[in-house]
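A.B. asks: Input sequences plus hints: build the corresponding full structure.
Residue numbers for the sequence shown, in mature numbering (1 follows the signal peptide of the UniProt record, and there is no 0): -31 to -1, 1 to 185.
Please note: incorrect hints may appear among the correct ones.
Unchecked claim - The calculated lysine to aspartate or glutamate pairs, modelled on EDC-like cross-linking and capped at a C-alpha distance of 16 Å, are:
#1 Lys33 with Asp56
#2 Lys37 with Asp6
#3 Lys37 with Asp56
#4 Lys37 with Asp64
#5 Lys33 with Asp64
Bear in mind the hints are in silico, worked out from the structure with no lab data behind them.
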Amino acid sequence: MPDSRPTASALSALRSGLIATLVALAAPVHAEEPTSDARWVSDSLSTYVRSGPTDGHRIVGTLKSGQKLTLIGTQGNYSQVRGQNGDVVWILSSDLQAVPGQGERLPQLDAQVADLTGQLNTIDDSWKNRVQGMQETLDSRKKLIDELQARNQALNEQLDQSQSDLRDTKARLGDENKQVMMRYMVYGGSIAGAGLLAGLILPSLTRGRKKNDRWF
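C.D. replies: Rendered as structure tokens:
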């Protein structure tokens, strides 16, 4: 089986990166430079608004935390803003922030979390499929290797048997050759003995006949 540690390491790094992204999205960014005239009442309070840019002007209402406003201008410690109902009032600049409140950001963050979770699941499935594919490939290769090793072992056994049969055949041929040589020697000895015997007997018979043929 293939080593899965590089895959687990890559998934762990990817998860860490996604978690860091979510944490960064969830954290309020107070240090961002304003990119538009949109402003929101700070999440930490519900604040009074006045009719003018100083504490001496009368209070004309309140704004709730996270409420969206449009910045018109600033003077001293106050900012002039327009509410969603069209009213123009003054509010302490320190009570404003340049990013949406948590109540507005949470649905967006939930959607982003869901999207990132879907991407993570897709990546997990992709890695699982790749690992499964590699495992199947390794299993098929291991099976092929086992088959080749079995065939090689069978061929080696056949070779050993053939070599053993060849040795036995050579041994039998050697014995048969020895037997043939012994037969030739016996036959040759018999023929030589018969010739010798005939050479001894025939002269004796010839001499006896000559004596019998004499007239005196």
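A.B. asks: Does each hint fit the structure? Answer for all of them.
C.D. replies: Against the structure, the hints come out as follows:
1. Lys33 with Asp56: Holds. Lysine 33 to aspartate 56 sits at ~14 Å (cutoff 16 Å).
2. Lys37 with Asp6: Satisfied, since the Cα-Cα distance of roughly 11 Å is no more than 16 Å.
3. Lys37 with Asp56: holds (13 Å)
4. Lys37 with Asp64: Holds: lysine 37 and aspartate 64 sit about 12 Å apart, inside 16 Å.
5. Lys33 with Asp64: holds (11 Å)
Violated hints are absent here; each numbered hint is respected by the structure.
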